[in-house]
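Kindly produce the complete structure, drawing on both the sequences and the hints.
Read top to bottom, the protein sequences are chains A and B.
Residue numbering for the first sequence follows my numbering, starting at 570 and increasing by one per position.
Residue numbering for the second sequence follows my numbering, starting at 40 and increasing by one per position.
Keep in mind that the hints were calculated from the coordinates and are not lab data.
Since the structure is predicted, the reported quantities are computational estimates derived from the model, not experimental observations.
Hints may be right or wrong, so weigh each one.
[As the list claims (entries may be wrong)] Covered by chain A, per the in silico footprint, the following chain B stretches (three or more residues, Cβ under 8 Å):
hint	stretch
1	246-252
2	299-307
3	333-341
The C-beta atom is built at its ideal place from N, Cα and C for all residues, glycine as well.
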Amino acid sequence: MADPAKTLDFQILETQSQFKGEVPNTYWRMVAYHFRKKKLAVFGFWITIFLFLVAILAPLLANDKPLFFYHKGSVYFPVFSGAEKIDSFVWKDLKKQNPFIYQHITGKEKATAIWPPVKYSPTEYNLLEYLSPPNARHWFGTDDSGRDVLSRMIYGAWISLSVGFVAVGIATIIGILMGALAGYFGGWTDTVISRAIEIMLTIPTFFLIIAIIAFLSPNIYNIMAVIGLTSWMGSARFVRAEFFKLKQLDFITALRALGASHKRIIFLHMLPNAMAPVLVSAVFGIAGAILTESSLSFLGFGVQPPTPSWGQILSQSRDYIEFAWWLTVFPGFAIFLSITAYNIVGDGLRDAMDPKLFR
Amino acid sequence: MKSYLIKRLLQIIPTLLGITLITFIIIQLAPGNPAMLKLQMGKGEGTLGEKAFSEQIIQQTKELYGLDKPLYVQYALWVKRIFTFDFGFSYKDHRKVWDKIAERMPITILLNVISIFLVYLIAIPCGVYSSTHQGSFVDNILTILFFVLYSLPSFWVAMILIMLFGGGDFWDIFPVYGISSVGSESMSLLPRLLDLMWHIVLPVFCLTYGGLAYLSRLTRAGMLEVIREDYVRTARAKGLSERVVIFKHAFRNALLPLVTLLAFLLPSMFGGSVIIESIFSVPGMGQLGFEAVLSRDYPVIMAITAISALLTLIGLLISDILYAALDPRIKLE
Numbered sequence: 570m571a572d573p574a575k576t577l578d579f580q581i582l583e584t585q586s587q588f589k590g591e592v593p594n595t596y597w598r599m600v601a602y603h604f605r606k607k608k609l610a611v612f613g614f615w616i617t618i619f620l621f622l623v624a625i626l627a628p629l630l631a632n633d634k635p636l637f638f639y640h641k642g643s644v645y646f647p648v649f650s651g652a653e654k655i656d657s658f659v660w661k662d663l664k665k666q667n668p669f670i671y672q673h674i675t676g677k678e679k680a681t682a683i684w685p686p687v688k689y690s691p692t693e694y695n696l697l698e699y700l701s702p703p704n705a706r707h708w709f710g711t712d713d714s715g716r717d718v719l720s721r722m723i724y725g726a727w728i729s730l731s732v733g734f735v736a737v738g739i740a741t742i743i744g745i746l747m748g749a750l751a752g753y754f755g756g757w758t759d760t761v762i763s764r765a766i767e768i769m770l771t772i773p774t775f776f777l778i779i780a781i782i783a784f785l786s787p788n789i790y791n792i793m794a795v796i797g798l799t800s801w802m803g804s805a806r807f808v809r810a811e812f813f814k815l816k817q818l819d820f821i822t823a824l825r826a827l828g829a830s831h832k833r834i835i836f837l838h839m840l841p842n843a844m845a846p847v848l849v850s851a852v853f854g855i856a857g858a859i860l861t862e863s864s865l866s867f868l869g870f871g872v873q874p875p876t877p878s879w880g881q882i883l884s885q886s887r888d889y890i891e892f893a894w895w896l897t898v899f900p901g902f903a904i905f906l907s908i909t910a911y912n913i914v915g916d917g918l919r920d921a922m923d924p925k926l927f928r
Numbered sequence: 040m041k042s043y044l045i046k047r048l049l050q051i052i053p054t055l056l057g058i059t060l061i062t063f064i065i066i067q068l069a070p071g072n073p074a075m076l077k078l079q080m081g082k083g084e085g086t087l088g089e090k091a092f093s094e095q096i097i098q099q100t101k102e103l104y105g106l107d108k109p110l111y112v113q114y115a116l117w118v119k120r121i122f123t124f125d126f127g128f129s130y131k132d133h134r135k136v137w138d139k140i141a142e143r144m145p146i147t148i149l150l151n152v153i154s155i156f157l158v159y160l161i162a163i164p165c166g167v168y169s170s171t172h173q174g175s176f177v178d179n180i181l182t183i184l185f186f187v188l189y190s191l192p193s194f195w196v197a198m199i200l201i202m203l204f205g206g207g208d209f210w211d212i213f214p215v216y217g218i219s220s221v222g223s224e225s226m227s228l229l230p231r232l233l234d235l236m237w238h239i240v241l242p243v244f245c246l247t248y249g250g251l252a253y254l255s256r257l258t259r260a261g262m263l264e265v266i267r268e269d270y271v272r273t274a275r276a277k278g279l280s281e282r283v284v285i286f287k288h289a290f291r292n293a294l295l296p297l298v299t300l301l302a303f304l305l306p307s308m309f310g311g312s313v314i315i316e317s318i319f320s321v322p323g324m325g326q327l328g329f330e331a332v333l334s335r336d337y338p339v340i341m342a343i344t345a346i347s348a349l350l351t352l353i354g355l356l357i358s359d360i361l362y363a364a365l366d367p368r369i370k371l372e
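As structure tokens, this is what we get:
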């Protein structure tokens, strides 16, 4: 047997040389350090940020109103407010004339307008231009009522991401509570919750969701709630396993001896130490929720028209599949991209949290 | 082994109870339930015709599940329905729900069994190869391929396959509608079987690739873990050939957890059936469920939810029996 003290020294030396001076000193910094080393994971992370920005900035990226409008000596920001004060024909004509974002017209109707990159609102239809393939004005083409596909996709990003985040938020909260109770108290509490997890895993979740949606009405809040209520099992299992490990550690025994309440021990002392696997399963959960939402919308049980969502554009394309490839390819790719991005980030996080790296 | 199987069979009981309970909770959301009715009355949506229609549905649903009776009576009624497969009559064509499902079940089970079989048949060799050739060109390609496949939404893949092979602008190779050609009834057995096979190529592909990617990644990860074990090093050290080390010592141990995964693949496959069957117009349970939801045919919806859960339970049992048969620790017990 080697001298334990010596081995320890050796390990510390090794870790330090590995980090070349900048030694990450907390757990999460270590995780961030290892995550950043994976180029693909970082790339996936930037895609999720990009999608997040698109979703949040949707009204600024695609709108039938100009961002900035100067007309007859007054300045307007029609996207935000005051649009009704201006004669809307002025900018509607402007929009037809010029494909550029910046427009300046001299003469009788002197006006300056700065447009969003996509000059169409998601519900603005134009029956003269229905099902037109991608062109200079409609970059991703138009659908069967002449609505701009890119504009609909930009607003669809908001639907997908908000369903993803809210559903996963609900699922994670339920999962943490269930897992914490099962892992902390053990005994019959654990038996009941473990059985519940097993049962939920046995029932085909997607069909369960459709069945519930059939009874309720298919709106975005119901969908968030239903996806959340049917996908908490992953995080519950992780938290349960972590709590089983944690509760045998000395600091928990010490807390008990000090007379800390169960609530205090669970939420203040154990939970922060069990968050790592929860985070990983939440990131994968977002990918899953986005997939479920788009599947539901594809089947027509999701967000109802005219609210745009990716799955719904794809579902529209079913009638024109023989020629309108743009209706199939672009929204499908958006779904694929966001699912892949979250899966890559989840993978990277899981690897970065692998305790083998910290040895 | 016997005691293990008996134990597993007993464990089925609470799961079964759970399934009845969860499906029962869904019924409580049904229109006709006094509380829900109050909630929906407030909105006052729908045209007159729709209202009359939903009034009728509400009345029928109330009678079917005895929604005006006390909760425990309702539950007892529902459990009785599940265990006698008596799910009442469809609102749509007034046929017995069980008959409708029974005639649609074989094709769904056929599709899923073929898919599961293909998943295991392809994923395991790929995963083992990847793990024994870790970092090689083929391993990298497979890893990327499976990662992409894993994230591809099946309905998108289905649409693109239809676009490419369904006789649009590109090729006309596969039929994309139904499971048999016109006039296939008059064919003899072999051409008819071939015709069926030809029709289910695309649906089976769409059902298979996701599970394939998932299982292959897990096989690789499992093998990599097992290969690092001491007993594998021992096997190598005593001079066994690499083949024997991999297949006799490593693979058998990595295989065990994969068998139990069957139980987790099945539910997602049944979910996938709803989408894939409705895209390719396959007359199976999934399509029936889809149509039932569209027309608010509650007895059919509830029956399919319950039956697909029961089918998954059977899959779970099969995977447990396989596990017991493969794991010598259980066999010897």
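For each hint, the structure was consulted:
1. 246-252: With 0 residues closer than 8 Å to chain A, the stretch 246-252 of chain B misses the three-residue bar; violated.
2. 299-307: Per the Cβ count (5), the hint holds.
3. 333-341: holds (count 5)
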